[in-house]
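So the sequences go chain by chain: E and U. Read left to right, the first sequence gives residues 1 to 229 (our numbering). Read left to right, the second sequence gives residues 1 to 299 (our numbering).
Just so you know, the hints here were simulated from the structure itself, not pulled from any lab data. Glycine is no exception: its CB is placed at the ideal position from the N, C-alpha and C atoms. Errors might be hidden in some of the hints.
If you want a taste of the chain E side facing chain U, the calculated C-beta under 10 Å gives, among others [what the hints assert, rightly or not]:
| # | residue |
| --- | --- |
| 1 | Lys70 |
| 2 | Lys74 |
| 3 | Glu107 |
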Amino acid sequence: MDLIRLKNVEKKYKNGVTAIYDLSLAIEKGAFVFVIGGSGSGKSTLIKMLYREEKPTKGQVIVGGLDVAKLKNKKVYKLRRKLGIVFQDYRLLPKMTVYENVAFALECIGEKKDAIRTKVLKALEDVGLKNKVHEYPDNLSGGEQQRVAIARAIVNDPKLLLCDEPTGNLDPEKSMEIMKVLEDINKLRGTTIIMATHDKEIVNKMKKQVITLKDGHLVKYKQKGTYVE
Amino acid sequence: MKAFRMLGRSIRDAVKSVIRNFSLSLASISCITITLIIVAVAIIASLNVQNFTKEIERDMTIVVFLDNDVTEEEIKEIETKIKRIENVEHYTFYSKTDVKKQMQQESEVFKTVLENWEDSESPLKDTFQVKVKEIEIISKTAKTIEKIDKVSVVRYGEGMVDKMVKAFSAVEKITYGVVAALILVTVFLIVNTIKLTISARRKEIEIMRLVGASNITIKMPFIIEGMILGLFGSIVPIIMVIYGYFAFYRNFDGYLYSRLIQLIQPEPFVYQTSLMVIAIGIVVGMIGSASAVRRYLKV
Ligand SMILES: Nc1ncnc2c1ncn2[C@@H]1O[C@H](COP(=O)(O)OP(=O)(O)O)[C@@H](O)[C@H]1O
Ligand SMILES: [Mg+2]
Numbered sequence: 001m002d003l004i005r006l007k008n009v010e011k012k013y014k015n016g017v018t019a020i021y022d023l024s025l026a027i028e029k030g031a032f033v034f035v036i037g038g039s040g041s042g043k044s045t046l047i048k049m050l051y052r053e054e055k056p057t058k059g060q061v062i063v064g065g066l067d068v069a070k071l072k073n074k075k076v077y078k079l080r081r082k083l084g085i086v087f088q089d090y091r092l093l094p095k096m097t098v099y100e101n102v103a104f105a106l107e108c109i110g111e112k113k114d115a116i117r118t119k120v121l122k123a124l125e126d127v128g129l130k131n132k133v134h135e136y137p138d139n140l141s142g143g144e145q146q147r148v149a150i151a152r153a154i155v156n157d158p159k160l161l162l163c164d165e166p167t168g169n170l171d172p173e174k175s176m177e178i179m180k181v182l183e184d185i186n187k188l189r190g191t192t193i194i195m196a197t198h199d200k201e202i203v204n205k206m207k208k209q210v211i212t213l214k215d216g217h218l219v220k221y222k223q224k225g226t227y228v229e
Numbered sequence: 001m002k003a004f005r006m007l008g009r010s011i012r013d014a015v016k017s018v019i020r021n022f023s024l025s026l027a028s029i030s031c032i033t034i035t036l037i038i039v040a041v042a043i044i045a046s047l048n049v050q051n052f053t054k055e056i057e058r059d060m061t062i063v064v065f066l067d068n069d070v071t072e073e074e075i076k077e078i079e080t081k082i083k084r085i086e087n088v089e090h091y092t093f094y095s096k097t098d099v100k101k102q103m104q105q106e107s108e109v110f111k112t113v114l115e116n117w118e119d120s121e122s123p124l125k126d127t128f129q130v131k132v133k134e135i136e137i138i139s140k141t142a143k144t145i146e147k148i149d150k151v152s153v154v155r156y157g158e159g160m161v162d163k164m165v166k167a168f169s170a171v172e173k174i175t176y177g178v179v180a181a182l183i184l185v186t187v188f189l190i191v192n193t194i195k196l197t198i199s200a201r202r203k204e205i206e207i208m209r210l211v212g213a214s215n216i217t218i219k220m221p222f223i224i225e226g227m228i229l230g231l232f233g234s235i236v237p238i239i240m241v242i243y244g245y246f247a248f249y250r251n252f253d254g255y256l257y258s259r260l261i262q263l264i265q266p267e268p269f270v271y272q273t274s275l276m277v278i279a280i281g282i283v284v285g286m287i288g289s290a291s292a293v294r295r296y297l298k299v
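Full structure from sequences and hints, please.
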């Protein structure tokens, strides 16, 4: 079954730049998909449309049965609760500990305290940070910070995890650690993962599905793909 | 349950940020305090004025003096004419002798002076005392009565009440103006306080949106912050209302200048006024924070 379906999607920004042209594709539940392409090819725009940060100017974007373009601003939170998002720059709150950062995501949606505790500890265990629960983000390495961000994204056990260049700030070794974490989440939790990246090595090593974008056009959608320019 | 949990979180966040932005919060609170003190004084004054103008009005009577040479029959005639006037609620006739007795009761001096006067040469007159239904048109009613034959003079508490009510209403209008201006300044200050909180928490708000917090969850802490500012701002005014009015009432023995101008009993009046003051404080705080949220928190 498809979790995501795009039909003739176009995204034209207000300044006249068209970031995505006539994009149609489907992503099934449980898939691990890379979105690759050079800088400015529209990777982030595609990801943003999936969590309704941007609306398509044409076409249809369906995520988990929700028609994203038709979603009213007030209802966007319903979509956001079904997915987790990870960015290149981690976006942790510096005044909160690791535990509090992850718990924050659940507090915001009114989860009970006991349930928060169990879920947060489980998520931190899944990303391998159970021993850093009370640290502050500033005392962690970049790789560790990104793992906290991943824990926060998966703590509510979403169907979909969106990652926009999650390894962009990390060296190759740390990057592979992150990829290992993501692969485990995909396998063990069955979470569908869509990851935008321009890191060849990662894509080639992982042997996952690959969507290639070039200047806003879909070039290729391949199972077990590799990075092609 | 969930709503309570979220509310608890909002209140906690709000209190935290009041403390964090202490100086600006304090400015807002002081401004609310000053505003509410003036509002409280205005409320107390205007309710008291309303109270005693009502008292005075209830006592207001048209006194109709009849000519000296009026006959029994003419008195009957005048009576029917008065009875027929729409606005007359109730009247009583006092003959010269009744008036004399009344006056003699009132004072020893009158008693001896009046004793020596025969009814025929008495300067006193037969009178009707008339109570009206609607006090607003008392002067019109008085004029109608004046036109009746053999009626010499008609008196009621003209002037005094009119002047008093006019003076009070002028003061009231000025007070409303001052209060409106103060509320505006207060709202402006609150808007800025909340704006600061919002910008201090941009990152947090952004993450809240990403993880799926509903709009109301995001906005609530800021709105509550405004309400808390209003609540804190009403503490001093309420203390002043309660202690101040009790002291004022005791100092004047419950009336001003004459027994006619009765003050409202402090209990439960001060508590009702306090509730009003708190409500106004909270509402003003909420208006400020709600407009800040609308302007600076695009969700
Ligand atoms: N908010 C925006 N407003 C206007 N143009 C934008 C905006 N975001 C991205 N773009 C433009 O859209 C194109 C695709 O950008 P983006 O999706 O960020 O690409 P990528 O993530 O692959 O580098 C670029 O030409 C970029 O300049
Ligand atoms: Mg990008």
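Now the hints, each set against the structure:
Restraint check, lysine 70 (chain E) versus chain U: the minimum CB separation of about 18 Å is more than 10 Å; hint violated. This hint holds: lysine 74 (chain E) has a C-beta 6 Å from the nearest C-beta of chain U, less than the 10 Å allowed. About 6 Å separates the beta-carbon of glutamate 107 (chain E) from the nearest beta-carbon of chain U, less than 10 Å, and the hint is met.
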